[in-house]
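Asker: Work out the full structure: start from the sequences and follow the hints.
Protein chains: 2
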Amino acid sequence: MKEFAVREDARRNHARILAVAQAEVAAHGATASLEQIARTAGVGSATVRRHFPTRRALLEAVSHERIETLRLRAQDLAAAPDPRPALLSWLADLLDYSLTARGLAPALAEGTDPVQASGCAAVLGEAVNPLLAKAIGAGAVTAEVTVTDLITLVVGIVMAVEHRADPVAEATRLLGIAVAGLSPPTRT
Amino acid sequence: MKEFAVREDARRNHARILAVAQAEVAAHGATASLEQIARTAGVGSATVRRHFPTRRALLEAVSHERIETLRLRAQDLAAAPDPRPALLSWLADLLDYSLTARGLAPALAEGTDPVQASGCAAVLGEAVNPLLAKAIGAGAVTAEVTVTDLITLVVGIVMAVEHRADPVAEATRLLGIAVAGLSPPTRT
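Top line first, the protein sequences correspond to chains A and B.
Residue numbering for the first sequence follows my numbering, beginning at 11 and increasing consecutively.
Residue numbering for the second sequence follows my numbering, beginning at 11 and increasing consecutively.
Just so you know, these hints were derived from the structure itself, not from any lab.
Ideal placement from N, C-alpha and C gives every residue a C-beta, glycine not left out.
Please note: incorrect hints may appear among the correct ones.
As the list claims (entries may be wrong) - Sample of chain A residues at the chain B side, in silico, Cβ under 10 Å:
1) Val16
2) Val53
3) Leu97
4) Ala132
5) Val133
6) Ala153
7) Leu160
8) Leu163
9) Ala170
10) Arg174
11) Val178
12) Arg183
13) Gly186
14) Leu192
15) Pro194
Answerer: If you want it as structure tokens, here you go:
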């Protein structure tokens with residue numbers, strides 16, 4: 011029983027450190043303080059290092075966890091009654107993730123886009139496909155569009171604005187334009 | 011008179027080499043053959059080198075010439091009777107240029123986007139502004155969109171697709187989606 015309790019304790023620490031790390035990385039990017047993460051999680055620095063031996067290991071775990079969150083979110087949203095706002099909400103989440111992930115990219119790899127690289131786009135595309143299909147089926151999104159189109163547009167927008175003064179505002183604005191198109195709204 | 015004739019000859023050679031180089035670079039990218047350029051232009055390799063001492067100098071001149079062409083094209087299109095197709099045609103030209111220019115970027119600089127870098131975006135933005143204003147004035151484009159939005163969208167799309175098997179087709183498709191928006195076309 012003691013061994014089980016130790017393992018259970020370690021599992022809980024791991025989850026808590028990861029949750030805190032996600033928030034810290036979202037706020038401060040790849041340079042988030044490991045000491046601050048340990049303090050907020052209520053564990054010692056040695057415990058953080060036992061679970062995540064290097065900063066890179068921690069950042070990879072955070073990145074993986076956020077992709078998993080996006081995947082589950084797409085599944086939840088597929089049950090929403092109105093598929094178009096559900097799809098747009100997911101794209102906004104993907105945009106947020108990509109903006110942070112681009113910041114992590116230099117710490118994790120050679121500047122390649124972390125969504126398009128390493129199969130993330132495939133995983134996310136598969137996850138959001140039912141939601142897009144539902145929106146198309148409801149006549150709320152043009153049948154021409156694929157999940158690859160949507161993910162590529164978000165990735166491109168994020169890449170194009172990452173050196174701007176306010177990437178989040180710029181990217182959100184551009185995604186809004188791409189979603190609405192260039193034509194003026196028709197008056198009814 | 012002899013001195014004038016020599017200068018006139020040099021000017022014509024310069025223009026001819028540059029025109030041939032544009033076509034070769036468009037077809038083969040930054041690795042276009044300088045020997046082939048000399049042959050097609052009907053001059054010797056030494057003449058090419060006198061006008062463009064290094065490959066980099068030639069590529070810079072080609073890039074500058076193409077920006078200038080885009081600038082003049084925007085001016086011409088501002089006089090077109092129907093501003094929306096004129097604007098879309100210019101965006102397609104910008105997309106073509108950006109796709110080639112991305113290929114030139116590693117040869118010219120440190121992977122920065124050649125349209126957004128070095129004031130190109132500002133020059134092009136100023137050039138296309140009257141055309142966009144006319145399209146907005148005619149109610150053919152939403153008043154919310156700025157030239158910076160359009161250029162940034164094109165740049166982002168090009169960055170996102172540059173490693174795909176067919177970047178031109180992908181980029182054209184994504185620009186079409188961004189122009190049309192995600193809603194299905196309204197039936198009339």
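Asker: Could you run down the list of hints and mark each one as holding or not?
Answerer: Going down the list of hints, with the structure as the test:
The criterion of a C-beta within 10 Å of any C-beta in chain B is not met by Val16(A), whose closest approach is roughly 46 Å, and the hint is violated. With its C-beta approaching chain B no nearer than about 40 Å, Val53(A) sits outside the 10 Å limit, and its interface hint is violated. A least Cβ separation of about 8 Å between Leu97(A) and chain B falls short of the 10 Å threshold, and the interface hint therefore holds. Hint status for Ala132(A): violated, given a least beta-carbon distance of 14 Å to chain B, over 10 Å.
Because the closest C-beta pair between Val133(A) and chain B is about 18 Å apart, greater than 10 Å, the hint is violated. Interface hint status for Ala153(A): upheld, as the beta-carbon distance to the closest one in chain B is roughly 7 Å, under 10 Å. At its closest, the beta carbon of Leu160(A) sits 8 Å from a beta carbon of chain B; the interface hint therefore holds under the 10 Å criterion. With a least beta-carbon distance of about 6 Å to chain B, the hint placing Leu163(A) at the interface is held under the 10 Å criterion.
Checking Ala170(A) against chain B by beta carbon gives a least distance of about 3 Å; that is within 10 Å, so the hint holds. Checking Arg174(A) against chain B: minimum C-beta separation of about 9 Å stays under 10 Å; hint holds. Proximity of Val178(A) to chain B is violated relative to the hint, the smallest CB-CB distance being about 14 Å (cut-off 10 Å). Interface hint at Arg183(A): satisfied, since its Cβ lies 7 Å from the closest Cβ of chain B, which is below the 10 Å cut-off.
A least Cβ separation of about 8 Å between Gly186(A) and chain B falls short of the 10 Å threshold, and the interface hint therefore holds. Proximity of Leu192(A) to chain B holds as hinted, the smallest CB-CB distance being about 5 Å (cut-off 10 Å). Restraint check, Pro194(A) versus chain B: the minimum CB separation of about 4 Å is within 10 Å; hint holds.
When the structure is compared with the earlier hints, violations turn up for hints 1, 2, 4, 5 and 11 and for no others.
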